[in-house]
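S.K.: Sequence:
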Amino acid sequence: CCEATGASTTGGASQPIAQANFNPQHALQTAMAQHQAGNLASAELLYKQVLQTTPNQHDALHLLGLIAKQKGDLKTAVQLMRKALNFNPNYVEAYVNLGASLQAQDNLVEAADCYRKALALRPNYGEVHSNLGVVLKAQQHLHESAECFVRALELNPSSAEAFANLDALLKEMATPDEALIYYRQVLVIAPELIAAQQGAYLSLTRTVPEWHVPMMNEQNRNQAYFDALKAAVKPDTTVFEIGTGSGLLAMMAAKLGAKHVTTCETVSLIAETAQQIIQDNQYDKNIKVIAKKSTDIDIGAELEAKADILMSEIFSSELLGEHVLPSLEDAKKRLLKPQGKVIPAAGSIMIALFTGDDIRRNLLVEDAFSFNLQGFNKIVSNKRLIARNDLNIELLSDGVAAFSFDFEGESTFPAQSKTVQMTATRADLCYGLVQWMRLDMNGDQKVMFENHPSQTSKVSNWQQCAYLFDAPIDVTVGQVVMVNAAHNRAVPWFWLQRLEV
Numbered sequence: 001c002c003e004a005t006g007a008s009t010t011g012g013a014s015q016p017i018a019q020a021n022f023n024p025q026h027a028l029q030t031a032m033a034q035h036q037a038g039n040l041a042s043a044e045l046l047y048k049q050v051l052q053t054t055p056n057q058h059d060a061l062h063l064l065g066l067i068a069k070q071k072g073d074l075k076t077a078v079q080l081m082r083k084a085l086n087f088n089p090n091y092v093e094a095y096v097n098l099g100a101s102l103q104a105q106d107n108l109v110e111a112a113d114c115y116r117k118a119l120a121l122r123p124n125y126g127e128v129h130s131n132l133g134v135v136l137k138a139q140q141h142l143h144e145s146a147e148c149f150v151r152a153l154e155l156n157p158s159s160a161e162a163f164a165n166l167d168a169l170l171k172e173m174a175t176p177d178e179a180l181i182y183y184r185q186v187l188v189i190a191p192e193l194i195a196a197q198q199g200a201y202l203s204l205t206r207t208v209p210e211w212h213v214p215m216m217n218e219q220n221r222n223q224a225y226f227d228a229l230k231a232a233v234k235p236d237t238t239v240f241e242i243g244t245g246s247g248l249l250a251m252m253a254a255k256l257g258a259k260h261v262t263t264c265e266t267v268s269l270i271a272e273t274a275q276q277i278i279q280d281n282q283y284d285k286n287i288k289v290i291a292k293k294s295t296d297i298d299i300g301a302e303l304e305a306k307a308d309i310l311m312s313e314i315f316s317s318e319l320l321g322e323h324v325l326p327s328l329e330d331a332k333k334r335l336l337k338p339q340g341k342v343i344p345a346a347g348s349i350m351i352a353l354f355t356g357d358d359i360r361r362n363l364l365v366e367d368a369f370s371f372n373l374q375g376f377n378k379i380v381s382n383k384r385l386i387a388r389n390d391l392n393i394e395l396l397s398d399g400v401a402a403f404s405f406d407f408e409g410e411s412t413f414p415a416q417s418k419t420v421q422m423t424a425t426r427a428d429l430c431y432g433l434v435q436w437m438r439l440d441m442n443g444d445q446k447v448m449f450e451n452h453p454s455q456t457s458k459v460s461n462w463q464q465c466a467y468l469f470d471a472p473i474d475v476t477v478g479q480v481v482m483v484n485a486a487h488n489r490a491v492p493w494f495w496l497q498r499l500e501v
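For what it's worth, my numbering labels the leading residue of the sequence shown as 1, then goes sequentially.
Hints may contain errors.
Label pairs and their computed distance ranges (CB to CB) [what the hints assert, rightly or not]:
1. Ala104 - Lys333: 49 to 57 Å
2. Ala164 - Phe369: 17 to 25 Å
3. Gln223 - Ser268: 24 to 32 Å
4. Leu373 - Ile194: 30 to 38 Å
5. Pro209 - Asp296: 16 to 24 Å
6. Arg489 - Met216: 41 to 49 Å
7. Pro209 - Phe369: 35 to 43 Å
8. Asn56 - Pro123: 51 to 59 Å
Derived by calculation from the structure, the hints in this document are not laboratory data. Where a beta carbon is used, it is the ideal one built from N, C-alpha and C, also for glycine.
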């Protein structure tokens, strides 16, 4: 934190006692010059001489206290600075340095009080806003701390210390959307600050992951939800949705004639944006957006009555991410009518054996420029999301539903572990398993969504996932590959058990 070394601007509190050949004011000025030059011993002696003739000279008391602080004698520093403030309660610099001394003693409450008193006297003291921010951060008053650092930057946009403190704080804040607010405030002050641009970018991508855009543009997914809603929605239907996103699915339900749609979204920025989108599309009278987790919503409070339809798309590429199983269990128990519909009604985690040169070159390395690089495969994860959708993934077996979930029919979804038998349908070198998802939208297999590896799309949200074996295996037609499969309700996992001869 900063140290204020200047004297007050209010003058001495009393007339010095006359001594031959000694001018207290001149001695004070000389002491301050020695102090600023780093000659602490000379300055200390002169301050003490001034105080012998003028015991209530607040500048001498304060600056003598500052020397004590600089020498590490915090107890003496605090005593002297308090005494200076007794004689001059409007002494800004004394409040600042007393605050710093108390802060060094971990007396954060009194340190913050001193900084606030200094700011009450001098509101535009940027360094003190920064000092107060540091103390508030230590007290876990994170939002107040961030506001102090932003104010310090408003007063001094080039303050590297204020931004460094703010940046460190925002990286520790619980939610990226909260951090984003402050980064954007900094960018209004200093748009050229690249570190703030990067902080805003990282916070925004954590708050609103980039997969949202391709998800909204994925026609097959949108059509599957629309067709499922079209088959289920009646004029008196009420819909509850978990995960508002852009509001697209809620507006589909409203457009198809649902009596009312309530949708919840945990990320406040997304909820606010969806509310505006819904209003722009003139469906705000039929749709209510709640910025809460579904588990925090109660009948008679946020939701008037239990819904006829429970809709969600909080699925990861592995199906189980985003807390989908506990969210559905809770919502079905508390927020859905006993015979209510669930969209999607069921889902399966599909797996198959795979090979293919295109996919191999994206997942494994062998030789490059005649150099053997295979050792690098040992330090790369066996589990890999397949980001590209234009690779020729060749299946060596039929797809098997490793795990199936009846979202509509079942009330609980416990963790599972099993062995899955895969039968090779062609001979080749098998690199592992490719996993995808299949959704039965209404439970009658009439409206289905599946991101099968054989399908290519220029726009895709849900990706396939590869589970590589420790080493590729040669399989022949009809050969059985036994696979261990497990999920813990949040993540599935697959690995090779054995290859039957």
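S.K.: Give a verdict on every hint.
M.R.: Here's how the hints hold up against the structure:
1. Ala104 - Lys333: 49 to 57 Å: 54 Å, holds
2. Ala164 - Phe369: 17 to 25 Å: Violated, since Ala164 and Phe369 (Cβ atoms, about 43 Å apart) do not stay within the stated range.
3. Gln223 - Ser268: 24 to 32 Å: With Cβ atoms ~30 Å apart, the hint holds.
4. Leu373 - Ile194: 30 to 38 Å: 35 Å, holds
5. Pro209 - Asp296: 16 to 24 Å: 22 Å, holds
6. Arg489 - Met216: 41 to 49 Å: Violated, at about 27 Å.
7. Pro209 - Phe369: 35 to 43 Å: The hinted range 35 to 43 Å holds for Pro209 and Phe369, with Cβ atoms some 37 Å apart.
8. Asn56 - Pro123: 51 to 59 Å: 28 Å, violated
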